[in-house]
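Here the protein sequences line up with chains B and U, keeping their order. Quick note: the first sequence uses the numbering used here, first residue 1, plus one each step. Quick note: the second sequence uses the numbering used here, first residue 1, plus one each step.
These are computed hints drawn from the structure, not numbers from a lab. There's no promise every hint is true.
Here are some chain B residues pointing at chain U (derived, C-beta under 8 Å) [stated by the list, open to error]: (1) 7; (2) 8; (3) 9; (4) 13; (5) 19; (6) 23; (7) 32; (8) 43; (9) 46; (10) 75; (11) 112; (12) 114; (13) 180; (14) 213; (15) 217.
Cβ-Cβ distance ranges computed for the label pairs, FRET-style [as the list claims (entries may be wrong)]: (16) B/246 - U/161: 46 to 56 Å; (17) B/167 - U/22: 19 to 29 Å; (18) B/11 - U/204: 29 to 39 Å; (19) U/17 - B/59: 21 to 31 Å; (20) B/174 - U/236: 47 to 57 Å; (21) U/135 - B/50: 38 to 48 Å; (22) B/54 - U/204: 51 to 61 Å; (23) B/133 - U/8: 26 to 36 Å; (24) U/216 - B/158: 33 to 43 Å; (25) U/202 - B/174: 32 to 42 Å.
We put the beta carbon where it would ideally sit given N, CA and C, even for glycine.
Number of protein chains: 2
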Amino acid sequence: MSEQALIDWIRKTAPRFGQGVRVGIGDDCAVYRPARGEELVFTTDFTIEGRHFERPAYTPREIGYKAMARGLSDLAAMGAEPRFALVSLAVPDEALVKPLMRGVFAHGVEVAGGDLSWSGKIHVDVVACGGVPRGKALLRSGVKPGDVIAVTGPLGRWKKRPRPRLDLVERIRGRAHAAMDITDGLSIDLDRMLRASGLSCEITAAPPVARGATLEQAWHHGEDYELLVASGKPLGEGFYEIARAVEGKPGSPLPPKGWDHFR
Amino acid sequence: MSEQALIDWIRKTAPRFGQGVRVGIGDDCAVYRPARGEELVFTTDFTIEGRHFERPAYTPREIGYKAMARGLSDLAAMGAEPRFALVSLAVPDEALVKPLMRGVFAHGVEVAGGDLSWSGKIHVDVVACGGVPRGKALLRSGVKPGDVIAVTGPLGRWKKRPRPRLDLVERIRGRAHAAMDITDGLSIDLDRMLRASGLSCEITAAPPVARGATLEQAWHHGEDYELLVASGKPLGEGFYEIARAVEGKPGSPLPPKGWDHFR
Chain B
1 MSEQALIDWI
11 RKTAPRFGQG
21 VRVGIGDDCA
31 VYRPARGEEL
41 VFTTDFTIEG
51 RHFERPAYTP
61 REIGYKAMAR
71 GLSDLAAMGA
81 EPRFALVSLA
91 VPDEALVKPL
101 MRGVFAHGVE
111 VAGGDLSWSG
121 KIHVDVVACG
131 GVPRGKALLR
141 SGVKPGDVIA
151 VTGPLGRWKK
161 RPRPRLDLVE
171 RIRGRAHAAM
181 DITDGLSIDL
191 DRMLRASGLS
201 CEITAAPPVA
211 RGATLEQAWH
221 HGEDYELLVA
231 SGKPLGEGFY
241 EIARAVEGKP
251 GSPLPPKGWD
261 HFR
Chain U
1 MSEQALIDWI
11 RKTAPRFGQG
21 VRVGIGDDCA
31 VYRPARGEEL
41 VFTTDFTIEG
51 RHFERPAYTP
61 REIGYKAMAR
71 GLSDLAAMGA
81 EPRFALVSLA
91 VPDEALVKPL
101 MRGVFAHGVE
111 VAGGDLSWSG
121 KIHVDVVACG
131 GVPRGKALLR
141 SGVKPGDVIA
151 VTGPLGRWKK
161 RPRPRLDLVE
171 RIRGRAHAAM
181 DITDGLSIDL
191 DRMLRASGLS
201 CEITAAPPVA
211 RGATLEQAWH
221 HGEDYELLVA
231 SGKPLGEGFY
241 EIARAVEGKP
251 GSPLPPKGWD
261 HFR
């Protein structure tokens, strides 16, 4: 199958929203028309064979699914709703393109563009774009003294088919002061959020531990695909308090352990 | 140097526009606030070692420069001005990150986000975002019968340090009916533009040939980083007419030859 035939298949098969995207796959660029008062948020993540997954432990479809899940988790962490994605694939075999893209499409997000090329190992780069009302994006730096800091589910267990917490966007937007997704481990991500906000915290409770995981893993494991949220009052069911923000030397009192791509 | 230290260096060193980008590197997502009446255009291109370049023929800085040039050329082809870029790097050695990014920064475009990871070969994925007044993006599909089809410079010679034709954006926007950049060879790109527009053409002149190239190369070579533009009247100096659009079987009468990543 030629590159053009694969692009035509992607264009025909990709989910459509019919909102905002004026021109999708097939021109030099995709064209997006923002709604009135809309701000856009963007995240990009590489998902690389030998680094983020191995074959055949992951099927091509699972790889595509996870690559998109990573971007959507970042959108949820900003309080944003998905608008479209750009998906760049470099693959050793063109037969991988369709199953990889089927995994991407499973999230139901419009794919407005991308690139297709050859590489000895699978490299997927997903850019996810989300929309949020002007000024309402939830940053890491928004924590206020006295805030409850909570996580959104049990932690510590690696997930093959993670569910980005887009279901929480409406509940946290306008109510939380800050949010981020837990990708490199709760302890390191908590430290990052507090540093960004110039605050410290007191640990008030252990995080909920996923079935089959240890408390150590819940604190220091990565790829949890849950959110870390700070707010002035409790957010209700499904949010598990772990700390309270206080003035002090910026950062978490826990030793941060986590994932660094070059260590 | 740790990943975090490299990200801090990128954040400090990247060019800033101070326009539109509300949150850049360092949060889960970048945040962009569109101007009133602004549409955004997006393009993404992989630049891969062993596929798009070899070392040491290209230095890391030249690789970064070219990776960004490819995206900016697509913005020019839409009649768009650069707003920001997202740059994802996967490298075999962290010492490559700074020179690669210096090549990216040489274009003066704000880098609002990206990803940094490890791979056995250099993979750079650049997303370029441009702005254009609402409804004014130049598509491939806009050619009208009778249009002059022109190229913007001599073709056929591979360029190590290509210059994206952003200098032409003001001249073509609002005057051209259609535009695209010549990346896979004039003959194949002309065919694509005419098919997208449902038209055929009559060839009226040979394209200008770059010094050291042949006419065959000018027609069928790729990576020219010039634009193919269709308009109702001549666009003036610096535009070289090659064809006139006519009704007929969609496509170019020339046999399209060009680059297909899987052939």
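Evaluation of the provided hints:
no., hint, in the structure
1, 7, "violated (10 Å)"
2, 8, "violated (12 Å)"
3, 9, "violated (13 Å)"
4, 13, "violated (18 Å)"
5, 19, "violated (14 Å)"
6, 23, "holds (6 Å)"
7, 32, "holds (5 Å)"
8, 43, "holds (4 Å)"
9, 46, "holds (5 Å)"
10, 75, "holds (7 Å)"
11, 112, "holds (7 Å)"
12, 114, "holds (6 Å)"
13, 180, "holds (5 Å)"
14, 213, "violated (23 Å)"
15, 217, "violated (22 Å)"
16, B/246 - U/161: 46 to 56 Å, "holds (53 Å)"
17, B/167 - U/22: 19 to 29 Å, "holds (26 Å)"
18, B/11 - U/204: 29 to 39 Å, "holds (32 Å)"
19, U/17 - B/59: 21 to 31 Å, "violated (42 Å)"
20, B/174 - U/236: 47 to 57 Å, "holds (52 Å)"
21, U/135 - B/50: 38 to 48 Å, "holds (45 Å)"
22, B/54 - U/204: 51 to 61 Å, "holds (56 Å)"
23, B/133 - U/8: 26 to 36 Å, "holds (30 Å)"
24, U/216 - B/158: 33 to 43 Å, "violated (55 Å)"
25, U/202 - B/174: 32 to 42 Å, "violated (60 Å)"
In summary, the structure is inconsistent with hints 1, 2, 3, 4, 5, 14, 15, 19, 24 and 25 from the numbered list given earlier, while agreeing with the others.
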